[in-house]
Amino acid sequence: MEVLKIATAGSVDDGKSTLIGRLLYDTKSLTSDKLEAIERSSKQKGYDYLDFSLATDGLVAEREQGITIDVAHIYFSTATKSYIIADTPGHVEYTRNMVTGASTSQVAIILIDARHGVIEQTYRHFFINNLLRIKDVIVAVNKMDLVDFSEERYNEIKADFQKVVEKSDYEDQQITFIPVSALKGDNVVEGSTSMNWYDGETLLQHLEKIDTKDVYNSGRTRFPVQYVIRPKTEEYHDYRGYAGKVYGGDISVGDEIVVLPSETKSKVKEIYFYDKKYETAARRSSITLTLENDVNVSRGDMIVKANELPKVDKKFTATISWMDGKQLEAGSKYILQHGVNKVLTKVSAIHNKIHPDYSGIEEGVSSLQMNDIASVSFQLNKPIFFDSFKEHRTNGAFILIDPQSNNTVGVGFID
Amino acid sequence: MTDTLQINALENEAIYIFREVAAQFKKPVLLFSGGKDSITLVRLAQKAFYPAKIPFPLMHIDTGHNFPETIEFRDRLVEELGLELIVRNVQDSIDEGKVKEESGRYSSRNMLQTTTLLDAIEEFKFDACIGGARRDEEKARAKERIFSVRDDFGQWDEKNQRPELFDMLNGEIDFGQNVRVFPISNWTELDVWTYIEREDLEIPSIYFAHKRQVFLRDGLIWSASEYVYRDEEEEVEERMVRFRTVGDMSCTAAVDSYATTISKVVEEIRDSSISERGARIDDKRSEAAMEERKQQGYF
Chain A
1 MEVLKIATAG SVDDGKSTLI GRLLYDTKSL TSDKLEAIER SSKQKGYDYL DFSLATDGLV
61 AEREQGITID VAHIYFSTAT KSYIIADTPG HVEYTRNMVT GASTSQVAII LIDARHGVIE
121 QTYRHFFINN LLRIKDVIVA VNKMDLVDFS EERYNEIKAD FQKVVEKSDY EDQQITFIPV
181 SALKGDNVVE GSTSMNWYDG ETLLQHLEKI DTKDVYNSGR TRFPVQYVIR PKTEEYHDYR
241 GYAGKVYGGD ISVGDEIVVL PSETKSKVKE IYFYDKKYET AARRSSITLT LENDVNVSRG
301 DMIVKANELP KVDKKFTATI SWMDGKQLEA GSKYILQHGV NKVLTKVSAI HNKIHPDYSG
361 IEEGVSSLQM NDIASVSFQL NKPIFFDSFK EHRTNGAFIL IDPQSNNTVG VGFID
Chain B
1 MTDTLQINAL ENEAIYIFRE VAAQFKKPVL LFSGGKDSIT LVRLAQKAFY PAKIPFPLMH
61 IDTGHNFPET IEFRDRLVEE LGLELIVRNV QDSIDEGKVK EESGRYSSRN MLQTTTLLDA
121 IEEFKFDACI GGARRDEEKA RAKERIFSVR DDFGQWDEKN QRPELFDMLN GEIDFGQNVR
181 VFPISNWTEL DVWTYIERED LEIPSIYFAH KRQVFLRDGL IWSASEYVYR DEEEEVEERM
241 VRFRTVGDMS CTAAVDSYAT TISKVVEEIR DSSISERGAR IDDKRSEAAM EERKQQGYF
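Protein chains in written order, with full-length UniProt numbering: chain A, 1 to 415; chain B, 1 to 299.
Keep in mind that the hints were calculated from the coordinates and are not lab data. Hints are not guaranteed to be accurate.
Lysine-lysine pairs mimicking DSS-like chemistry, simulated, CA-CA at most 30 Å apart [stated by the list, open to error]:
(1) Lys-232/A to Lys-47/B
(2) Lys-27/B to Lys-333/A
(3) Lys-269/A to Lys-47/B
(4) Lys-269/A to Lys-53/B
Quick list of the computed label-pair ranges, beta carbon to beta carbon [unchecked claim]:
(5) Ser-263/B to Arg-40/A: 34 to 40 Å
(6) Asp-199/A to Ser-263/B: 38 to 44 Å
(7) Tyr-47/A to Leu-81/B: 24 to 30 Å
(8) Lys-264/B to Glu-39/A: 29 to 35 Å
(9) Gly-200/A to Glu-234/B: 56 to 62 Å
(10) Asn-296/A to Phe-175/B: 27 to 33 Å
(11) Ile-119/A to Glu-234/B: 55 to 61 Å
Note that the structure is predicted; figures quoted are calculated from it, not measured. Yeah, the Cβ is synthetic: ideal placement off N, Cα and C, and Gly gets one too.
Using the sequences plus the hints, can you model the full thing?
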C-alpha cells in the first residue's frame, strides 16, 4: 500500500480541523464510537451541525482553548492509498511546528478563508512549504458557502495567491487551487452542486492521483551507515553488513563506491533485505550492504557512488529555523546531527534574519529567538559529507541539539 | 538473487527506527505483551538486524490476569527465536506494598502495571523501551513522538516534546532518563493486520473467533473469569467472539465475530465500525483517560 504524508496549514479559524474531519467522515474513516463522541459533544455545545474539529483535537488543554497547538497525526485510507496527515497549527508563534510537520510530508494543503482571502499568514505558510521544498501544494479556498459560492471571489483569491507564488524561487513546485466548503462537504471528497462553475478535481481526487514514488525529489545516491551488523556466529564468522537507508537514488550490486570520510574505494557485493538478496535497492529502502573489500566502516560514515561525490567540509552556511526558548547567538555551541552522523559545531556568524512573509531580510542581528528563520554560518569539529538542500532534501538537512538540555533546538537547510 | 527490492514505506521506517535505537542507546529493551503489535515489532527487529540476533532482550510486565493463551504463545515464540525474555510481575509490586489492588466492579490491574514497569526500568538501567503503541489508537497517542523522552519519574511532558524533523531521531538523554520508542507509530490497526497476514506471523488464538464464556456490561462483551468482577445478575453466556487487543482480561472486551482465519479478520477490520480502543474498558473511564495515564508513565 502506498503511503502519502500530508502537511496542513491554516490560521486559527480557517476550518482546518473541520476539513480534516470532513475528509475522515466522507471517506468513512470515522468509526461509530468516534462519531458518537462527536455527536454527543456537538450537542453539548449546542451546535446544530457536527463539529468535525473534535475528530482531530487531541490534548485536554487544547480542547479547552479550542485550538491545536502541536503536531498531531491523523490516519485514513482509501482503496489505493494510506494517508497520514500532520496537523500543524497556523498561528504566528508556531512556525516551529509547521516546519516540523512539513519536514516529514510530501504534500501540503494551505487553507484560505474565502471571506478573508490571502493574508499575512498565507505568505508564511507558503514560505515554509517553499523552504522545505514540498513539491505538491494544494491551496484549498475554504468557507465558500459563506461567500455565496462566488466564482468571482474565488478568482480574486487565486490571483492574489499567484502574486505570492511569483516570489518563490522553487520552480518545480506544483500548485493546485480548489474551492471547498469543509462544513458542507463541497469539493472535499464529493463534488459540489453549488459551484457548477468549477470543473476541476475534488481534494481527495487530487490526492489520489499523486504518484507517491515521484514526490520525493530524486538526487544522487547517499547511504549513511546507521549500524554495523556483525553476527559473530559460526555461519557468518566474517560477515560485516552495513545497515542503513538509501536516499536520493538507487544502489546496485557491482556499483563502484567510496566510503567517506576514509575515501576508501570498493564495490557493492551484496544487498540484503532481511534474509533475501537483491540486485538493486530503490531509494528510501532500509537495507544491509556488504562490500567486496574488507573496509573499516562505522556508524556515521557515508557510502556514495564513486562518480557522485558530495561536498566534504568543516564549514558551511545554512538557512535555519530556530525552535527553542533559549536564544541562538554567534559563538553558541551545539551538537549537529546530519542524518545519523553527529559532530560538534560553533555558530561562526548570524548573517541575517529572513522574514518568512517574503518581506525581505533584517541585517545586524545578534541573536535568534524561537520561530526565527535566519542565514547562519557554522564551523564544525570534523567534516561532514553533504549536498545543498535544494539539490538533496535529505543530505542537505541537519538538526541542532543543545548539549545542556539535550533538546532539538533547530533545523538547518544547507545553502 | 531477486531483482529490485519493492519498498514498503511503513516497514522501512520501522526498521530504520530499530537500527537507530540499537546504535544510539546502551541498554534498550523491547516491551512485549504477546499481543499483535509486539509480535509485529519482533518480526521487524529480526529484519533490522539479520543475520545477527536481535541485540536486546524482551520484557513482559505481567499483570497475572492475562489470557493463558497469550502467555503460552509468548513463551513459545521466545524459545523458537532464541530470544531473552525478562518477566516482571504486578503481583510482586502488590506483595511489596508498592501498589494497591483495585476493588469493585471496574477493578483492573492495568493501571498498576506502570509502577512495575518503572521499577524494572530502574532495576535493569534500561535507557530505551521499545513499545508497539500507534498514533491511530487514541487521541493522546496522536501527538506522541517516535523517540519520547521520560524524566527520572517516567513522566511524559506532552507540552515539552522534541520536534522530530525528517528522519533524524535525537536520542540524547541525561543519566536516569529514558526514551520510549515507537517504531510502528505510523501504522494503523489495519496495517498491522495486513502485515501479519503478509508475513504469515503466528498470533495467539484469542485473536480468532472462538466460543467463550462471556457476560454483557455497558454494551461491551466481558470475559467470564475469576479475575473479572461480576455481579450476580450479570449472566454468563456462550458466544462466538474474538479479541482485537490482548490486554489484561479485566480491561479487554471481546467483539462478536466469526472470523476464524487471518484473512477473515482483515476483512472484518476493513468493514468494522467500532474502533480498536473502543473495546478497551480502561479508556472509558473518562475522555482524557489515556492522556492522564501517559503523563504518569503508562505506555
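Taking the hints in turn, this is what the structure says about them:
{"no.": "1", "hint": "Lys-232/A to Lys-47/B", "result": "holds, 17 Å"}
{"no.": "2", "hint": "Lys-27/B to Lys-333/A", "result": "holds, 28 Å"}
{"no.": "3", "hint": "Lys-269/A to Lys-47/B", "result": "holds, 19 Å"}
{"no.": "4", "hint": "Lys-269/A to Lys-53/B", "result": "holds, 22 Å"}
{"no.": "5", "hint": "Ser-263/B to Arg-40/A: 34 to 40 Å", "result": "holds, 35 Å"}
{"no.": "6", "hint": "Asp-199/A to Ser-263/B: 38 to 44 Å", "result": "holds, 41 Å"}
{"no.": "7", "hint": "Tyr-47/A to Leu-81/B: 24 to 30 Å", "result": "violated, 53 Å"}
{"no.": "8", "hint": "Lys-264/B to Glu-39/A: 29 to 35 Å", "result": "holds, 31 Å"}
{"no.": "9", "hint": "Gly-200/A to Glu-234/B: 56 to 62 Å", "result": "holds, 57 Å"}
{"no.": "10", "hint": "Asn-296/A to Phe-175/B: 27 to 33 Å", "result": "holds, 31 Å"}
{"no.": "11", "hint": "Ile-119/A to Glu-234/B: 55 to 61 Å", "result": "holds, 58 Å"}
Checked against the numbered hints given earlier, the structure breaks only hint 7 and satisfies all the rest.
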